[in-house]
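> Chains B, C and D: place on chain A using the hints.
4 protein chains.
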Amino acid sequence: MADYVYGPGRTHLFVPGPVNIPDPVIRAMSRNNEDYRSPAIPALTKTLLEDVKQIFKTTTGTPFMFPTTGTGAWESALTNTLSPGDRIVSFSLGQFSLLWIDQQQRLGFSVDVIESDWGYGADLGALETRLRGDSGHTIKAVCIVHNETATGVTNDLHAVRKLLDAYRHPALLLVDGVSSICALDFRMDEWGVDVALTGSQKALSLPTGLGIVCASPKALEAAKTAKSVRVFFDWKDYLKFYKMGTYWPYTPSIQLLYGLRAGLDLIFEEGLENVIKRHARLGAATRLAVEAWGLKNCTQKEENFSDTVTAVVVPAYIDSSEIVKHAWKRYNLSLGLGLNKVAGKVFRIGHLGNLNEVYYYT
Amino acid sequence: MADYVYGPGRTHLFVPGPVNIPDPVIRAMSRNNEDYRSPAIPALTKTLLEDVKQIFKTTTGTPFMFPTTGTGAWESALTNTLSPGDRIVSFSLGQFSLLWIDQQQRLGFSVDVIESDWGYGADLGALETRLRGDSGHTIKAVCIVHNETATGVTNDLHAVRKLLDAYRHPALLLVDGVSSICALDFRMDEWGVDVALTGSQKALSLPTGLGIVCASPKALEAAKTAKSVRVFFDWKDYLKFYKMGTYWPYTPSIQLLYGLRAGLDLIFEEGLENVIKRHARLGAATRLAVEAWGLKNCTQKEENFSDTVTAVVVPAYIDSSEIVKHAWKRYNLSLGLGLNKVAGKVFRIGHLGNLNEVYYYT
Amino acid sequence: MADYVYGPGRTHLFVPGPVNIPDPVIRAMSRNNEDYRSPAIPALTKTLLEDVKQIFKTTTGTPFMFPTTGTGAWESALTNTLSPGDRIVSFSLGQFSLLWIDQQQRLGFSVDVIESDWGYGADLGALETRLRGDSGHTIKAVCIVHNETATGVTNDLHAVRKLLDAYRHPALLLVDGVSSICALDFRMDEWGVDVALTGSQKALSLPTGLGIVCASPKALEAAKTAKSVRVFFDWKDYLKFYKMGTYWPYTPSIQLLYGLRAGLDLIFEEGLENVIKRHARLGAATRLAVEAWGLKNCTQKEENFSDTVTAVVVPAYIDSSEIVKHAWKRYNLSLGLGLNKVAGKVFRIGHLGNLNEVYYYT
Amino acid sequence: MADYVYGPGRTHLFVPGPVNIPDPVIRAMSRNNEDYRSPAIPALTKTLLEDVKQIFKTTTGTPFMFPTTGTGAWESALTNTLSPGDRIVSFSLGQFSLLWIDQQQRLGFSVDVIESDWGYGADLGALETRLRGDSGHTIKAVCIVHNETATGVTNDLHAVRKLLDAYRHPALLLVDGVSSICALDFRMDEWGVDVALTGSQKALSLPTGLGIVCASPKALEAAKTAKSVRVFFDWKDYLKFYKMGTYWPYTPSIQLLYGLRAGLDLIFEEGLENVIKRHARLGAATRLAVEAWGLKNCTQKEENFSDTVTAVVVPAYIDSSEIVKHAWKRYNLSLGLGLNKVAGKVFRIGHLGNLNEVYYYT
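Protein chains in written order, with this note's numbering: chain A, 5 to 366; chain B, 5 to 366; chain C, 5 to 366; chain D, 5 to 366.
Next up, chain A with everything else stripped away, as it sits in the complex (with noise of 0.2 Å):
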């Protein structure tokens, strides 16, 4: 029952996910289970679903916390919205954003594919291209990470959406935001994103376990005609429950629901605005830190400099996976390894959720 490797002090987790959880959090988990049919669950449901919609900035939204990862909740987020077959438009710029163009085409759209070399945000030049090559809305949706956790690469959603309305393009838009909702600013309403969604173990500070997905009502509208095979992802269940007031379809669980409830409450306590100020300043000393230590930052502009992970380029004569192992084993501390292109070439510092200063800097 002991934990697998023993060294005296905390462990400090710099991963960009799953992130540290507050004492606070901890503790509301720390329970038996209970009914999911009692009255107190639903009542206890009511309320998340409905503060739940602030972290997305949306009062039009319909959340659902689906038990399950940030994968499942892109699938969700497909299968619901689409039919195979579907054209959609989706960004390459690391490993994350390449994992969900996988998933996609494994569900059975034609992905057409704007690639970016990884350090380089989303190349919304090629979606203007497509977009003004669509007057017939071949495009049933665009995908985008807003967050690419793998290179510390933020996209800018707004601009995608006013390419979309200077086009009059109907093509529903889809925004992983696992890494920026509830840390960056993320408007769902205001920026016209038909499906978000993020996962409990990121910005929201909790165990992993719950995919959230928050539909606008043109996505629901959409779902309505979705040929997409789904089952346990599917909204319907979920919609049906909710008008019985039961609201689960199937066993949540009870821990991450009184989890969600105070770690909620901690956001709000703070104020969302607040969490995203302390974001930005974490993330900048990070970028300060890292120009004090000579390495780079894999992020080219300072446009996509992402405030919830940074990547860093280690010298050519290293490689970054051994930092990574020296960090865990001699100081209990954890850091990102590089994906895929970058793999030895960077390491990331994870610089979101429920963080403060000391952390960085003494």
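Where hints are given, some of them may not hold.
Chain copies aren't distinguished; within one or between two, either way the pair holds.
What the hints assert, rightly or not - Derived BS3-like pairs: lysine-lysine, alpha-carbon spacing no greater than 30 Å straight-line:
1. K240 x K57
2. K240 x K144
3. K231 x K144
The set of hints was computed from the structure by calculation and includes no laboratory data.
Relative to the frame of chain A, chains B, C and D by itself:
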């Protein structure tokens, strides 16, 4: 942050799931997140994958621990082994078998439903008729719920296997063991079960969040050609990461892994056979209590009596949901509602998981 | 690190202390240490000192929360108010009153012991005789255990006060409320109690570790001239730190402070009067059960029946300690042993603290 | 029930006590009460009493685990070995030695105080003068604080023993090891310490609540004739219950016993010598940091540098308490205040207990 309803004293949880979590497991889970790409989590996962096979009584099976619920585990079992349009035989005998059949139909299989009246076991005679008439082997799978949680009916899996063998039928045998595995006698290898599955919040006595699916070599083989669309639930991604020794295609719940470790340790300390005997003893005791109250068991035949859940029929002039409501409000006691056809007619006592006598009688 | 004895299911704790801790309190205490000289701990302490007065029903008393047990609280009550050689009257009626008398003697007081047979209440007639004969006021204090935990006997404190008043006797009234305060009707101000004390592990339903002593203005006045040697238990040091607003002359248990906060919140949410009524109901129910078992209550007179503990007399041919041992080994059920004069003859059921009905009967 | 002050991120606790509790210990303590008269608690206590001797480096000593603080442990050490009026020599070199001397005086001993300027170690030359002049052996005990927590001064206990031996002086050697034992090199048997004591919230890294006192055979012998009044702190009662095998004269904290078990397990897993080396490394690192900041150590001589606490002298124009306040409010960082003579002049960094490097420098 407070619980919804406060009453002094402990809550008494006797629904058939989610069930009581032993205190050592609650303690083991009361922890911060960890990097799942560190050396510690793969090492922990490796022991879990090895040990979890014991509760399925398999040495040849391959387990998958999905971050999902039983419903997701169902979906994983079906989509990895079957192709759209495949004919499957499925038994309907209560709410949960009904829900699985609904999923089977929505996933595009051709479901040959064998109905039983609620309170009765699976109609194996009807299965025999199907098998006898299927010399062309159009039946690709037989799907059966080992223990129907809605009516407290346990089916004879060994008899199903013997029928398949008698007719030398190659259909896969897919078993929902959600309210049986780790509580009732279940033998994956001996009974030739091809896919067995359970959820962490049942007899394993954990929170909801792990859908554990175990595949026989024959099922793994079938997965290579099964054409059902799947990504999140795809065994292939897991097998790829098993080979790499990192085990997880996406983020697992760190807490549930430590919880499962602690839970398995408790089960092995007691001894799986003793756990099963304890369920038999508590099941028999519950039935004696029901008899002593002058009430009837919803289960019609002794051979189907369930040692994990008892559905108690109330007199016609009483609404069973009022009993459940009263127990909850007045005694902090959670009982299971009657579902669907038996709504208002039965209430259910869950007697599975980490329990002992004092809960039942003094 | 494992628990000593493992049996499946929960432990059922029915000793008269330490008692069951409500889950919200266990959660509130599951935390790291904090600096007790930071602004947070004094602020928390201030609310606790104010609120804890309510459970004593005093507005004029001054509470002290010693990091100690009930035995330490006894010592604090005596040494702060009395001088070596002082004559005190003390009632002996069971193991705990006996232990207090032993302490009184070892601390050098001249103890005038009034004996009762075990199972009977304090002999107030004998007290009256003492008071009548003490026109010289040689008696400096009357010491009485409100509820004798060994025999389940509750004494009439109001009657003691009336006797003292009738004889206009200035003796201090020192009360051990260890198994009464916060469970039985107790009124410090109304009954003119000068020092009352309890332990955190009794009706407050916390872990052991706080000996809470409450002093009347008259007791505080007496403390100024009391010559008993004391340092750790000295009220003077606390009063000095109360004035400075830092509250603690030495390090308190951070966890117990947060636990007490959570515990008081639960008590106030239920309402202290409802807590007392609940104890009356559960006490009566326990006595009915004992009667139904055909067994006798050790307490001889109905007026002394205790609503927090019932000592059950077993038939002469049974050793009660065997019952206690069997309950523990076989049912994870903890009952209290018979002590001293009633060893082997009684076992004790504790029914105090955060309990409700289902623990007792179904 | 909420924490008093909320700031995002963890609290960084660097006071010299109470110190950080390792997560496995917090988990081990997150539990309900248990009957301390059941077979489990004595069995657990027995292992603790045996194992705790290792941290004192004694095989002949007898440990007592009082439910109290360090102040109570002081009182237990003194009252069990000395009689009122006894002459004792005691070193004054900081706030904590001062408080112990105050206690010694209030307990009625004749205290011969040897003063040092704050920042300097115990004046052993003055002790030698006393011993040389005491051929009549009027000095009954020498009391010394191993590590003065207020100034970060470690005294040379071995030198004290050598002086006593050189003069063949039979005085008892009583040592406050509160901020040293389990962190600094301490050898009870080898150095002939007669009573050593510590508190659970110091290097043992537990919550406050256990005052652990260890008595040499000579001290136990002295206890037989010591006339100081004592009940709660009396070793005699413990020895009586040790013999009976039930161990506790009154209720212990169940949680602290399990916590101590887990804490000792971690210490033994790391190895006590490694723990001491780690403190040496972190102590040296802290002093280097202080030097790098251009600040002075309050400790005047290198031989007295403490590896558990560093008192840092701030420039005259700064009030050190403002630094402490700012660290707490702005960075969730707790530092120790300057006390008494050095109030406003120093702040203190606690570097004892379950810590590792990342807390100090990256």
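> Does each hint hold? Answer for all of them.
The hints, checked one at a time:
no. : hint        : result
1   : K240 x K57  : within (19 Å within a copy, 35 Å between copies)
2   : K240 x K144 : both (21 Å within a copy, 29 Å between copies)
3   : K231 x K144 : both (13 Å within a copy, 25 Å between copies)
Every hint, counting from the list given before, is met by this structure.
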